[in-house]
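Chains as they are written, first to last, in the numbering used here: chain A, 48 to 407; chain G, 348 to 1164.
Calculated from the structure, these hints are not laboratory results.
Nothing here was measured: the structure is a model prediction, and the numbers come from that model.
Idealized CB from N, CA, C, for every residue including glycine.
A hint or two may mislead.
To be verified - Result set (BS3-like, lysine-lysine): computed pairs, CA atoms no more than 30 angstroms apart in a straight line:
no.	chain 1	residue 1	chain 2	residue 2
1	G	K875	A	K326
2	A	K324	G	K875
3	G	K653	G	K636
4	G	K887	A	K326
5	A	K324	G	K651
What the hints assert, rightly or not - Stretches of chain A that chain G covers, calculated by requiring three or more beta carbons in the stretch to come under 8 angstroms of a beta carbon on chain G:
no.	segment
6	91–100
7	154–166
8	347–359
9	363–374
To be verified - Here are a few chain G residues that face chain A, going by a calculated C-beta distance under 8 angstroms:
no.	residue
10	K636
11	G664
12	A714
13	Q715
14	I717
15	V720
16	L732
17	P733
18	T881
19	K882
20	D921
21	G954
22	E958
23	I961
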Amino acid sequence: MDAQLLREHAENQYKDELDALSSVDKKQRPPRWKMSPWAVMTYLMGGKLENGFEISPKYIGNRRTIEIAVATLTTDRALLLLGLPGTAKTWVAEHLAAAISGDSTLLIQGTAGTSEESVRYGWNYARLLAEGPSMQALVPSPMMEAMKAGKTARIEELTRIPADVQDTLITILSEKTLPVPELGTEIQAVKGFNVIATANDRDKGVNDLSSALKRRFNTVILPVPATIEEEIDIVTRRTEAMGKALELPAEKPAIEEITRVVQIFRELRGGATLDGKTKLRSPSGSMSTAEAISVMNNGLALSGHFGDGALKAEDLAAGIVGAVVKDPVQDSLVLKEYLETVVKERDDWKDFYRSIRHLL
Amino acid sequence: MIFGIRHHGPGSAASLEKALREFEPDIVLIEGPPEANPLIKYVAPGSELIPPVALLAYAGDDARQACYYPFAEFSPEWRAMLYANEKGLPCRFIDLAQSNWLALSKQLKEEKIAALSETEPNSDPNPENRENLEAPEVSDILPDAESETANEDESLTKLDDSKDSTPPIHRDPIGTLARAAGYEDSEVFWEQLIEQRRQKEGNACGIFSALLEAMKALRAQELESKENGDLNQKKLDYEDEEDNLIEPLREVAMRQNIRQAKKEGFEKIAIVCGAWHAPALTDEIIEAKGQAKIDAAALKGLPKQKLETTWIPWTNGRLSFASGYGAGITAPGWYEHIFSTEGDPTLPWLVKAASFLRAEDLDASSAQVIDAVRLTEALTSLRELPHPGLSEINEAILACLLGGNPLPLSLIQNKLLIGEKLGQVPPDIPGTPLTNDTLRQSQKLRLKQEALSKTLELDLRKPLDLERSYFLNRLNVLNVAWGERQKNHIKTSTFHENWKLEWRPEMSLALIEASIWGKTLIEASSNKLMDAATKCTSFKILVMLLGQALEANLEESIKGSMRLASERSNASLDVSELMSALPVLVSISRYGNVREIDAELVNSLVGHLAEKVIINLEAALVSLDDDAARSMMRLISDCEEALRIYEEDRYIGELYTLLGRLARKPSIHPLISGKTTKLLFDARRLNEEEARTIMQFSLSKASSHAYSGMWLEGFLTDNAQVLIHDHTFFQVVDSWLQGLEIDQFQELLPLLRKVMGPYSIAEKRNIQERALSQTNWQAKEEEAASDNDLLLLPVLDKVLSLLGVNLADRQTDEVQA
């Protein structure tokens, strides 16, 4: 069993940090929490403990946002993390669950095909036929497990779950109980149970939450990186890491190229040039950091396999056009306008102007 | 007893009120301009003076030199005045006389300018550049005056600046205290400790003594760091220089005034001042040996300026930091709420927020409010704060009531956080600078405030009349409709204007209300216009405001709204909006020189708009219905005309290239392709042959008759000449008409009537004549029977007669005329 895992669960990967934290944590803990809210905050945001132990930051960004998330989980309200792709929703949810319950595996993956069984419970049919309905024949869902054990359950991509399945959550969240009518019984949640859901509200093909369900969540929006420096930092690190993992032959990208790509993304996303002088129209796509990273990777692959190995504007142009133009009519107008009014005016951006222009 | 407070601090105000009742002073001294002492008596329970109001001190001869002291219901100074008047105690302002202060800062500015021009002697003979140097002082008068009020309070209200990296202590004394107490944010520290303090009965004075001690320690520390040559102190900016000169003088003046009160025999003196000043006013310093002499000497020989003071109405919005008021507070509405609520303010505040949300048709159930209260509490304990602050509550509203979406919050933000509220001033208070300025100007322009309605005819070529037009337009901007612009039916030239003048009493009130916008008519109307321009969301309205600014000749707002327009134009999605704005801007650019508008700015905006229109026009023409196409047709021809006369011919060329493509594109609405063909033909971008080909194509049998009819509408509207002078066009139209079935013809008749109706009589007659000669020509060709001419008249002639163009009738008409 020594096969190397591709990825460890958070509670295993950061076991020493969690242990160190709970050993110094003297503050009051909510029922069945592995550590106090203060320690959870420290685990997520990083910091140095009194005994000199260094906790690495898991989330880089606004502390207040995470404070709201943790405070929500101390009440009996469920937490909904909203945000664009690549804003670390799942990452935060996983680490919150690991810190609070010491277990990030009670996970329901939301898809268009998620059924009621995966949220409530299913049946072991062989047993059901042999013995009739009984507790033993029942196959519990991660939600049910969490309720029984007073742990944190996670739901990934809540908005992808069909609306009728979403509705099964309402009773669980408001009355903290899961009825099993077949057995004439119910599972009641133990103190410490809570739910963290992540969702993407701007994506296509999502089922909007009913207001009844929405009302049972406290919503925290994870923002896109606040400053260009922060975003350049994230893109640089992720691009380097992924380039290594994918064994791309190209040189690692120059910081100038990353800066320019991030700048284009930020400007189009924010609807204004960075100097704040010109207002722009935003394209229909989300222009997330994750996409900027994939544009860089794409460019690296292009230059490595087909170019001379050095990342150039031509290698990035196709990726940028692909990221911006999601709607062929409206978005290409947006990009054209951006090119003519902004990119054209920048003296050292001529190569970008030419290569993107060429593709439009 | 010294009561150190924070201006507009509700907690300070509440504590102060309690402490005053406990202390029972025999005189109340307040940090404020002594010139305004006679105005204190208006502050009384049941008075018509209702906050938010501001004390205004201004130079009588130049109202732009002025200073505001705003007060809200929850301002400690206001409570102190109220208390004194209620108890019938003497109450005085003890700050440095504003007459000295204004004169000093004016002197300082002049020295500064002198110094600047000395350092660069003659290097800039260009007077324009010189003007640039002086410009900020003139144009920034309003914020400048307010920042003086801010300086008055450099101790506490600069808190909001404290986010700049490590400021010197006197810029952020509370920050230093807060860090010492383990708070990261000085604002939170002060809020928690002072403003949201819920005072137990008794010992209300205790907090003020504690504060005095804290400030003493801080000032000692600051002195030390100054002596050690703190790096931050070396680079003195302009404002600091003024601070350094005036701040000590203010404390000297306060001490002198306190001495005066003591001399008069008052024993229990209550001194209300910014907490930072408190240590300088203690009895030890006042009674220190020799200090009185030094102080008296310091105040001798200061420059002076004659001042007038008055109360003017103020708004909560202008109390807020966002309005540019230096001593502003972020959320006047919240402070008012804390001040007026007894007990825990959280729940009532959330209920209020929920009701505002419901008023905006957003869901906000009581259950959600309960959840928000709980989250607020959880956040407060997680952050280890004694009371929930505004940010905790706001975050809870966001998470529980709004599903994380901040947009609805901004909907209610103004009502909730700022609390739109306008103060009131009793009518018997002496006039405001704005009313005085307006009166002065109206006398100069020989306009009398009369209740009688009368008409005024203006000829804008005369300087006096032009000024009058500007004046009336400016008043209109301020919603003072003294003059109402009338349509001039007789003289249609652009330089004639007719105004109906009628002065109504409520207008003086409107003028006083408008005082918040500025001290002179120009300044106030300009500020108000800019405010509207900044807030408006529609590009069209923005351009309208720009037009208004032009008519009122408000240079600042012309420039400002022009800048806004250029920003908005980038974001506007609506091509038709941009297109309707383009002609306005082109005319500004053409006539702008007369008004000395920055041509480059206008031209770059015109260029920008033109480019955007050209890029987006084609996409905007997809699947239009007839009405939309008709308005688009008009817009296209307006834009074409505007760009044609515009000095730079680059854009018209691009537009013609685009139109050339549109004219031949089959999927374009026929009205538009007809119109574009006409425009191109007129501009000689299409030769006769090409235009005829397009026409024949559009009128060919395969296209539906409705399509052809509309195409003709587009092509022939305002275009009689082509039918009169061009034989071949006439023929194409004629043969198309002949080819129509009778019911098709009947269907199209109203449309054709609409097209040709507006042609002039002469044009109609010309066309008819051509139709007749065509008949003759045809008649000869075909050698038809001459006794039945009428039958052979081309159909166009019949159309014309159906249109009511009867040759004989017209001729008699003209003879009679």
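Tested hints:
1. G:K875 to A:K326: 24 angstroms, holds
2. A:K324 to G:K875: 23 angstroms, holds
3. G:K653 to G:K636: Judged against 30 angstroms, a Cα distance of about 34 angstroms means the pair is violated.
4. G:K887 to A:K326: 17 angstroms, holds
5. A:K324 to G:K651: Violated, at roughly 43 angstroms.
6. 91–100: The restraint on the segment 91–100 of chain A is violated, since only 0 of its residues have a Cβ under 8 angstroms from chain G and three are required.
7. 154–166: Result for this restraint: violated, n = 0.
8. 347–359: As far as the segment 347–359 of chain A goes, the hint is violated, because 0 residues have Cβ atoms under 8 angstroms from chain G.
9. 363–374: violated (count 0)
10. K636: With a minimum Cβ separation of about 53 angstroms from chain A (threshold 8 angstroms), the hint on K636 (chain G) is violated.
11. G664: 23 angstroms, violated
12. A714: This hint holds: A714 (chain G) lies near chain A, its Cβ roughly 7 angstroms from the closest one there, short of 8 angstroms.
13. Q715: Status holds, d = 6 angstroms.
14. I717: 10 angstroms, violated
15. V720: 10 angstroms, violated
16. L732: 11 angstroms, violated
17. P733: Result: violated, 16 angstroms to nearest chain A Cβ.
18. T881: 13 angstroms, violated
19. K882: 16 angstroms, violated
20. D921: Violated, about 11 angstroms.
21. G954: 10 angstroms, violated
22. E958: 7 angstroms, holds
23. I961: 10 angstroms, violated
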